[in-house]
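Novice: Sequence:
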Amino acid sequence: MCNLYDIGTNSRRNNGQWETTISVAIGEIQKAHGIRKTDPGLVLTLNDEGPQAQIMRWGFKRSFNRAINNARSDKLDGMWSESWQQCRRCLIPIQTFYEWTGTPGKKQAFAFTSANSESPLWAAGIWEPGDEHPAYSMLTTAASETVSTIHDRMPALLQSEDFETFLNAENPRCLLNPVNDGLKIYRCKNPLSKRGSQNGPQREDQLPGFDDI
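FYI, in the numbering used here the residues of the sequence shown are 1 to 213.
Take the hints with a grain of salt, since some may be wrong.
What follows is a list of derived Cβ distance ranges for each label pair [as the list claims (entries may be wrong)]:
| # | residue 1 | residue 2 | range |
| --- | --- | --- | --- |
| 1 | Pro-129 | Gly-105 | 29 to 35 angstroms |
| 2 | Thr-38 | Asn-190 | 34 to 40 angstroms |
| 3 | Gly-182 | Thr-103 | 36 to 42 angstroms |
| 4 | Lys-189 | Asp-131 | 33 to 39 angstroms |
| 5 | Gly-105 | Ala-169 | 15 to 21 angstroms |
| 6 | Cys-174 | Gln-86 | 27 to 33 angstroms |
| 7 | Ile-29 | Cys-174 | 30 to 36 angstroms |
| 8 | Thr-165 | Gln-54 | 31 to 37 angstroms |
| 9 | Ser-63 | Asn-116 | 22 to 28 angstroms |
| 10 | Ser-148 | Asn-65 | 35 to 41 angstroms |
| 11 | Arg-187 | Asp-48 | 19 to 25 angstroms |
| 12 | Asn-47 | Ser-148 | 35 to 41 angstroms |
| 13 | Ser-81 | Asn-190 | 36 to 42 angstroms |
| 14 | Lys-75 | Asp-131 | 21 to 27 angstroms |
Computed list of lysine-lysine pairs in DSS-like fashion (alpha-carbon distance at most 25 angstroms, straight line) [as the list claims (entries may be wrong)]:
| # | residue 1 | residue 2 |
| --- | --- | --- |
| 15 | Lys-75 | Lys-189 |
| 16 | Lys-107 | Lys-37 |
| 17 | Lys-189 | Lys-61 |
| 18 | Lys-75 | Lys-61 |
It should be emphasised that the hints constitute simulated quantities derived from the structure, not laboratory data.
All residues carry an ideal CB built from backbone N, CA and C; glycine is no exception.
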């Protein structure tokens, strides 16, 4: 489950079509670090003119939950079927996402970033119009072997060659499998601190054995 992530700044983007679209739009959001449920975030959708950046609320509003910000990829035939079947799918650009492990009061934060410092991670998402504003939810899948040592779920991450298939195909759920490479994991200081929420993770030591997963 992912409850906190950074989009980061446009200085990190390369010149790919998808990254360029985000780079142009990133100045329109309230914050680029420390995005939490109910915050506005950037997502990419696709139409006849190409990738389109949109600002949406992170989390579907329901009577029983004010913000469902994660949607399990194994529930796409259930409560998420309408968005999935109607191709209301999106890409969520991520510079860093965070998880915690340990006992309450002593939990250690971990930062997950792309192994390629010039490219963001891209998480699969679904969206809906909403009563007041459009909203999105991040699709999650079972954690890869290495990520599972910290958490049992992870965002469903996509490769650039699969973007259009995910956004347009009738049922591309085969793309929502755990990613076993392309990530780096770091211990980090509390990303919810003022400095962390403004500037991103303050890295501690890189974990031995966690170079690339």
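Novice: Tell me, in ascending order, the numbers of any earlier hints that this structure violates.
Specialist: 1, 2, 3, 5, 6, 8, 9, 10, 11, 15 and 17
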